[in-house]
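Student: Anchor point for the sequence shown: position 161 equals 161 in the working numbering, and the numbering is continuous, going up by one each time.
Treat the hints as calculated values from the structure; they're not laboratory data.
Watch out, some of these pointers could steer you wrong.
[Stated by the list, open to error] Below, simulated BS3-like cross-link-like pairs (lysine-lysine); rule was C-alpha separation at most 27 Å, straight line:
id: 1; residue 1: 92; residue 2: 215
id: 2; residue 1: 215; residue 2: 252
id: 3; residue 1: 199; residue 2: 27
id: 4; residue 1: 92; residue 2: 27
These numbers were taken from a predicted model, which means no experiment stands behind them.
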Amino acid sequence: MRVLSVSAIAASLFCVPLIAQQERGDKELAFQGTITVPFQDPSNSTTGTLLPRFGFFLTRRNFVGVENEDFLAKGYQAAGISLLYRFYMGSKGSRFQPFVGVAPGLLSQRQQTPVEIIVTQDSLNAAANQINASSFPTATKQFDLNFLNQVVQNVQFGCPVSTASQTTCTPVLPAGRYVTISSFQGSGEIGLKFYMNRKFAFEASYRLQYVDLTKTAFAQNVYTVANSTLTSTSYAVSFTGPTQNDGTQVIKLPAGTSKFKQNSQNLFLFGFSYVF
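Make a model of the complete structure from these sequences and hints.
Tutor: Pasting the structure below:
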């Protein structure tokens, strides 16, 4: 008489092999969530991140894949893509699979940046030279130069562009704009995966992530002094624009500041994976 064990019956019912481990050629789809605790100001800067992942096992121990990092916060968005390599150290058939890994990649950050208003220096110099080259009395020239400088200051301060005399004005600054910064990121990780069965696993890991944050975004509305008309009794000036000049600039860290510590953060990851 043939007798089947309870474990064999369970395996046949669920069509899942008893071995709880990845094998060569397996594909994996995973999702991880994280609590981010920066080195600096952790009480006010702790955030959340989602990291979906897809890859396959070259061997039982070696995994390669691609992962996406998505982060959202008020006035800030970031999305990154990284290559991932993991080495699993668990014994064959074990439900517990400790691992170490590395994940180099790129991070694209969209930051809402205040808009700075500027008037090009070349056009301002040309308008001033026009005044100085006129045949008007010195007092008239000085009045016109003072008026020109006052109007330019008002424009850069956020006042509406006008040809009328501006002794005082109410600033109307433009709204901020989103500017994108692309930066290198790299992570090293250590963690543990627990297989609930052949296909489903829970995993937890710690990562030390480095992101190059030596660049900051800027946004500018650039005006040009287009026309300046002067007579012996009046002076008028007008502007063209604005054109947008958005980009990034390098941040100089204070002397003695550790760049690694400034740009690194701790990631505590928790998630699940599906092997097929």
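Student: Confirm or reject each hint.
Tutor: Hints, verified against the model:
| no. | hint | in the structure |
| --- | --- | --- |
| 1 | 92 x 215 | violated (46 Å) |
| 2 | 215 x 252 | holds (9 Å) |
| 3 | 199 x 27 | holds (10 Å) |
| 4 | 92 x 27 | holds (18 Å) |
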